[in-house]
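Protein chains: 2
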Amino acid sequence: MHIKDLDTPVPVIDLDRVERNIDKLQSYLDKHGIKSRPHIKTHKLPILAYKQLEAGAVGITCQKLSEATVMAAVGIKDILITYNLIGKKKVEPLAQLARQVTLSIAIDNELALKTIAEAAKLAEKTIKLLIEFESGNLRVGVQTPEEALELAQQIKQQPFLSFEGLMTYPCGAEAGRFIAEAKKLFDKAGMPINTVSAGGTPNMYRVHEVAGVTELRAGTYIYNDRNIVGSGAASFDDCALHVHATVISRPTVDRAVIDAGSKTLSSDQINPSYGQGHGYILDYPEAVIRKLNEEHGIIDLAACKDKPKLGEVLRIIPNHVCVVTNLHDEVVVHRNGVIEGTWPVWARGKTR
Amino acid sequence: MHIKDLDTPVPVIDLDRVERNIDKLQSYLDKHGIKSRPHIKTHKLPILAYKQLEAGAVGITCQKLSEATVMAAVGIKDILITYNLIGKKKVEPLAQLARQVTLSIAIDNELALKTIAEAAKLAEKTIKLLIEFESGNLRVGVQTPEEALELAQQIKQQPFLSFEGLMTYPCGAEAGRFIAEAKKLFDKAGMPINTVSAGGTPNMYRVHEVAGVTELRAGTYIYNDRNIVGSGAASFDDCALHVHATVISRPTVDRAVIDAGSKTLSSDQINPSYGQGHGYILDYPEAVIRKLNEEHGIIDLAACKDKPKLGEVLRIIPNHVCVVTNLHDEVVVHRNGVIEGTWPVWARGKTR
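Residue numbers (my numbering), protein chains in the order written: chain S, 124 to 475; chain H, 124 to 475.
So that you can see chain S by itself, here it is in the shape it has in the complex:
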């Protein structure tokens, strides 16, 4: 069966592009002696995690405990969770996970440390901890190298915890300055930093410029999307996931409506300097998806010389692909249009 014959709306993945994206990043990281630990939040598919491992990744990254649990259940052995896990309810499932895999977790506070220490004790297994630091994202992370050291020293006091290193997102000059300062401070305190883990697809091919980084956790690179193309880290030809959608109404000359809305494409925005609207329509680049309702995408065709017809299927590159796959129970995969399979998105909706 050909992807042209699929019912819509449907997310469609080009496996050749997926493999090319994996190989390209792995080659770059190999060249610079940086480990790859891809973030599976983008695809949420065990089979693609295995493809990344086979290409040379040392392990995977998950954002949530429940995502990691899915990946452990298919046999993946080395997992980093880049998230503060906090609260009594996390202890038992975390202990179970620690029994199954080599586990690292990033934290920025003592309460996360406490939760993880309890789980490690319960499992009688060592969990490696990284300390997340602020590098310009203004999200989570300790603010100074001194705070990082203080937390690292508390880690050392716990029987089943080991201090592994530092972690941040994104990774530019600010991260570099923090790493350099922290290295000095930690050296002086006799605390070796084994791992410095950096994240992000937009800067992926510049991560070797940041001294001290030992591993990269890129996620979006496996599919790429409109925001990544805007950042310059990929081209539209590198975008491996398209959403196919049908024109289901042509109420006026300049308006087309498709069967893909915010429940298919998500409401995630495009960086305004990269473009406008809710996705890039490959077949009509001048068209603008002005508005999404839940199941409708409203397209402005005023700038199009040729305009799509009622019933026509359009191929859309989403603004932000990671939230798109998370909306769908299944994705259809193909090579050159010929369908190879329909894969359940096993870690979809795993937010806890």
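Since the hints were derived computationally from the structure, they do not count as laboratory data. Among the hints, a few may not be true.
Which copy is meant is left open, so a pair is good if it fits within one copy or across any two.
Claimed, not checked - Here are the simulated EDC-like pairs of lysine to aspartate or glutamate, each with C-alpha atoms no more than 16 Å apart in a straight line: (1) K306 x E409; (2) K244 x E215; (3) K147 x E270; (4) K251 x E233.
Fit chain H to the known structure of chain S by using the hints.
What follows is chain H alone, placed relative to chain S:
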């Protein structure tokens, strides 16, 4: 078990409020002799569809064929799909659905008519068609009563199709003008309009002011959300769905980060005249959820006198509740905080 003891993030539904919301709207519609045909896109739960039917609804509304298929599979007998169903792939599942239930579908074009006519013929069952018209939403719908009549006359020529009436969203003065004009035109042509179906929660308690409307398809009213409160159609006390999220980082004095991001709350915006940010935090009304990443919500506490502590669980009313339930495989339901069940969101992700 109490909802305070739940792992987070989690959508939590107050059943007393749900029942109150259902009863209040049903009483209003009964008083005005308007039928209720609630839209299940908000809850996507068979059990709540049955609650709406037991309260007096004449049937339900679905937005997509796959949603309707789920509802038919639990025994619901009268379904309106307010969507142009187009394409060969829709014919067989649509015919199956037509064999199971009393089916109505809204269309605005001949291609949808053709697809549905094929399915009806295949099933040898009559499908009732409504014509969707433009009433200010600038989405789908015929633009003039004349177009509506032309389409209605084409419906009459098909053996297993019957013309049922008109349908629109939203429903204000513009809809009223269209209905009045269409009535005259259709009367003259000898085409009775049995049903005029109006949609929308924000205007639900004013639908009696629009002459000719025979049924209302409200959806969001069952839970309500921040946008509905902003519109004046409900209060925060009428909001039946809260998202519980834990503060997992307090990197600076004025910043808290919660474990609910766009994969939990969605990126749907609040109408700027109603408020700012990505949800209303009941416990800290002055706090603003400035930014969502996939699994992080970044909260600005500058305006808060009291500030949430690390590990604290916050209750959030989402901007747009319909896209929130669609992100979650399950919802937890309770009365006065005591958990009554965990319900799989059966029609979640049903976008086709």
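Cross-check of the supplied hints:
Taking the shortest Cα distances, K306 and E409 never come within 16 Å of each other, neither inside one copy (50 Å) nor across copies (40 Å). Taking CA atoms no more than 16 Å apart as the test, K244 paired with E215 passes inside one copy only; the shortest distance there is 11 Å, against 56 Å between copies. Taking CA atoms no more than 16 Å apart as the test, K147 paired with E270 passes in neither setting, with 37 Å inside one copy and 54 Å between copies. For the identical chains of this complex, K251 and E233 are intra-copy neighbours only, at 15 Å inside a copy versus 62 Å across copies, given an alpha-carbon limit of 16 Å.
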